[in-house]
Amino acid sequence: MSTTVIIPTPAKAPARPLLPRLLPYLLSLPALIVCIGILVPFFTAAWYSLQRYNLAMPLNREFVWFGQYLDMLTDPDFWATVRVSAVYAASTVGLELLLGLGIALLLRERTRFNNIVSVALLLPLMTAPAIASLMWKLMTNPNFGVLSWLVALFGVHDFRWASAPSSAMFTVVLVDIWVYTPFMMVLLLAGLRSLPQQPFEAARLDGVAGHFVFFRITLPMLAPYIVTATLFRMLDSMQQFDIVYAMTQGGPGDSLMLFQVRAYLDFFQYTNVGTSAALMIVLWALTYALSNVFIKQWLKLRERTHGAA
Amino acid sequence: MNRFKTQLAGGIAWIIAILNFFPIFWMLLASFKSEVEAVQTPPLFFFHPTLANYRDIFALQDYAGYAFNSIAISVLATLLMLLVAVPAAFAMAFYPGRYTRDILLWMLSTKMLPAVGVLVPIYLLSRDLGLLDTRTALVIIDFLSNLPIAVWMLFTFFRETPKDIIEASRIDGAGVGQTILYVLLPLVAPGIASTALLSIILCWNEAFWSLNLTAHNAAPLTAFIASFSAPQGLFWARLSAASVLAIAPILVFGWISQRQLVRGLTFGAVK
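One line per chain: the protein sequences are X and Y, in this order. For the first sequence, this note's numbering begins at 320 and goes up steadily by one. For the second sequence, this note's numbering begins at 32 and goes up steadily by one.
Hints should not be assumed to be uniformly reliable.
Said to hold, decoys possible - Derived pair list, reagent style SDA-like, types lysine to any residue, alpha-carbon separation capped at 20 Å:
1. Lys619(X) x Asp87(Y)
2. Lys142(Y) x Pro349(X)
3. Lys615(X) x Tyr130(Y)
4. Lys36(Y) x His530(X)
5. Lys36(Y) x Phe531(X)
6. Lys619(X) x Thr131(Y)
7. Lys615(X) x Leu139(Y)
8. Lys194(Y) x Ala279(Y)
9. Lys142(Y) x Ala439(X)
10. Lys142(Y) x Leu425(X)
11. Lys36(Y) x Gly421(X)
12. Lys142(Y) x Phe519(X)
13. Lys36(Y) x Glu428(X)
14. Lys36(Y) x Lys619(X)
15. Lys615(X) x Ala44(Y)
16. Lys615(X) x Lys194(Y)
17. Lys142(Y) x Gly356(X)
18. Lys36(Y) x Leu424(X)
19. Lys142(Y) x Leu605(X)
20. Lys142(Y) x Ala365(X)
21. Lys194(Y) x Leu341(X)
22. Lys36(Y) x Val532(X)
23. Lys36(Y) x Phe533(X)
24. Lys615(X) x Lys36(Y)
25. Lys619(X) x Leu139(Y)
26. Lys194(Y) x Arg132(Y)
27. Lys142(Y) x Ile614(X)
28. Lys142(Y) x Ala604(X)
29. Lys619(X) x Lys194(Y)
30. Lys615(X) x Asp87(Y)
31. Lys36(Y) x Phe613(X)
32. Lys142(Y) x Tyr607(X)
33. Lys36(Y) x Pro360(X)
34. Lys36(Y) x Phe519(X)
35. Lys142(Y) x Ile357(X)
36. Lys615(X) x Arg129(Y)
Keep in mind the hints are simulated off the structure, nothing from the lab.
Please build the complete structure, drawing on both the sequences and the hints.
Below, the structure is given as structure tokens:
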């Protein structure tokens with residue numbers, strides 16, 4: 320991101336009229352106002368999070384400061400949510416990164432065939448996650464799903480996919496991978512294809528081994544793209560709702576109670592506005608902190624590859 | 032050796048593409064089965080296809096109404112988004128100030144607000160404004176949630192446009208309007224197209240707000256599928272047909288405009 324501002328200001332230039340000078344500000348004003356508007360419901364939620372506020376018990380509404388946050392710290396359900404969310408985010412993002420990178424390397428050359436395949440790979444990304452979940456529910460139904468039949472052929476009988484606590488996470492991660500690996504792939508493929516060719520040619524002329532080229536040239540040069548792609552997926556994955564809710568509604572039991580799923584149920588099943596809001600503020604804080612780490616990394620990497628930004 | 036490697040890579044690419052397409056294919060297949068065939072074990076790959084499910088949907092459900100809602104909401108939200116985001120991104124890219132980068136990052140950070148967290152305030156607000164189950168509410172929400180990312184995308188596109196070109200055309204005697212219309216617009220049009228395209232796809236696939244803020248009147252296709260699967264969850268063939276009808280328009284649309292789509296997805300990351 321370039322922030323170098325070059326403002327030619329000759330010493331005795333006649334003052335420019337007011338309107339053109341103000342124009343840039345006027346142009347960005349609507350967007351700014353709208354973005355500040357987005358914050359209004361957020362602050363309302365933050366306000367709710369400081370109150371004991373259950374729609375079913377309106378008379379008990381009371382300001383409790385950080386009471387609900389303190390309660391959370393000793394609530395095993397909260398820590399279960401943290402654990403489940405962490406496992407979900409780490410496994411989806413990690414696997415999608417590996418797969419996306421692998422596929423991008425595979426399709427690196429600009430051949431007709433590769434271009435067709437890479438466009439075909441975009442289809443899951445254009446499918447609504449809610450409907451993608453239906454596709455997978457159809458395939459993983461323990462009674463008649465085509466995947467259940469397939470694993471049975473390999474001797475795994477009665478695999479219950481999303482309806483057993485032990486395999487629910489695996490199943491939902493699989494759906495997430497199907498939907499979002501293309502996103503990683505597209506980003507990394509674009510990155511790979513935009514890398515300068517000289518280092519690779521030099522390495523080829525010197526007869527450098529393939530794995531050495533990959534770890535010492537490709538990966539470091541690709542690092543900024545990897546960080547951006549991972550950041551975007553990480554934000555989405557921590558806030559996952561659509562897929563998990565459509566597949567299992569957070570179950571079976573508590574096995575898939577991600578942050579947003581639990582907060583949603585807190586509100587709709589228990590009408591508990593206060594705890595639901597507090598949970599969301601915690602999620603926001605985590606997301607914000609994590610993305611700051613990533614953005615710092617990204618800026619540092621950019622500086623190294625592009626020179627001072 | 033090299034030839035073998037190329038063929039191997041091609042083979043793997045084929046396998047990945049097929050695995051990738053299979054879930055969509057399987058649902059498409061199910062939509063042409065009878066209800067009994069759809070849940071048969073072992074799964075049926077060859078059967079006598081029927082159009083009964085599609086006929087049922089058009090006969091019993093208001094598919095056209097839901098589709099109209101999806102189209103109207105996606106297009107209006109995208110237009111509104113462009114109207115606000117293009118000038119802002121233009122100003123930030125062509126007249127950057129000291130705080131431009133901070134403002135951009137801050138805008139982007141509003142994307143981190145969890146949807147469920149703002150659901151209650153927004154639900155109450157739309158109820159008080161009488162906007163529940165209206166297309167207006169969804170247009171506004173889709174517009175709001177896509178705006179930050181759109182400004183960011185447009186900014187990265189605009190930044191790549193040479194700035195001297197504006198000066199040059201002004202010196203050649205073109206007015207502000209002419210400069211924008213004949214010089215700038217053709218240069219930035221692909222970027223705007225990519226942003227608009229991505230926004231349309233995101234709006235079309237948006238399910239969370241559609242489900243929570245609409246009933247029948249303003250429900251788009253994603254809400255239609257949900258309402259469909261709840262009471263009729265066991266009718267897999269018909270549900271599949273409904274899902275195919277809900278995703279087909281956007282898949283076709285995306286396939287036609289793949290070039291812009293890929294450019295849109297890789298915004299910023301590549302530059």
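Hints and how they fare:
1. Lys619(X) x Asp87(Y): violated, 58 Å
2. Lys142(Y) x Pro349(X): holds, 17 Å
3. Lys615(X) x Tyr130(Y): holds, 17 Å
4. Lys36(Y) x His530(X): holds, 15 Å
5. Lys36(Y) x Phe531(X): holds, 18 Å
6. Lys619(X) x Thr131(Y): holds, 19 Å
7. Lys615(X) x Leu139(Y): With Cα atoms ~15 Å apart, Lys615(X) and Leu139(Y) stay inside 20 Å; holds.
8. Lys194(Y) x Ala279(Y): Distance of about 41 Å is beyond 20 Å: violated.
9. Lys142(Y) x Ala439(X): Judged against 20 Å, a Cα distance of about 28 Å means the pair is violated.
10. Lys142(Y) x Leu425(X): violated, 33 Å
11. Lys36(Y) x Gly421(X): holds, 15 Å
12. Lys142(Y) x Phe519(X): Distance ~38 Å between Lys142(Y) and Phe519(X) Cα, so the pair is violated.
13. Lys36(Y) x Glu428(X): holds, 13 Å
14. Lys36(Y) x Lys619(X): violated, 37 Å
15. Lys615(X) x Ala44(Y): Given that 20 Å is the threshold and the Cα spacing comes to 35 Å, the pair is violated.
16. Lys615(X) x Lys194(Y): violated, 28 Å
17. Lys142(Y) x Gly356(X): This hinted pair holds, its Cα atoms lying about 13 Å apart.
18. Lys36(Y) x Leu424(X): Cα-Cα ~13 Å, so holds.
19. Lys142(Y) x Leu605(X): holds, 14 Å
20. Lys142(Y) x Ala365(X): Holds: Lys142(Y) and Ala365(X) sit about 16 Å apart, inside 20 Å.
21. Lys194(Y) x Leu341(X): Between Lys194(Y) and Leu341(X) the Cα gap is close to 19 Å, so the pair holds against 20 Å.
22. Lys36(Y) x Val532(X): holds, 17 Å
23. Lys36(Y) x Phe533(X): holds, 17 Å
24. Lys615(X) x Lys36(Y): Not OK: Lys615(X) and Lys36(Y) at ~39 Å, beyond 20 Å, violated.
25. Lys619(X) x Leu139(Y): The hint holds at about 19 Å.
26. Lys194(Y) x Arg132(Y): With a Cα-Cα distance of about 18 Å, the restraint between Lys194(Y) and Arg132(Y) holds, given a limit of 20 Å.
27. Lys142(Y) x Ile614(X): holds, 14 Å
28. Lys142(Y) x Ala604(X): holds, 13 Å
29. Lys619(X) x Lys194(Y): violated, 26 Å
30. Lys615(X) x Asp87(Y): violated, 55 Å
31. Lys36(Y) x Phe613(X): violated, 36 Å
32. Lys142(Y) x Tyr607(X): holds, 10 Å
33. Lys36(Y) x Pro360(X): Status violated; Cα separation ~55 Å.
34. Lys36(Y) x Phe519(X): holds, 18 Å
35. Lys142(Y) x Ile357(X): Holds, because 9 Å separates the two Cα atoms, which is no more than 20 Å.
36. Lys615(X) x Arg129(Y): holds, 19 Å
Hint check: violations occur at hints 1, 8, 9, 10, 12, 14, 15, 16, 24, 29, 30, 31 and 33; the rest are consistent with the structure.
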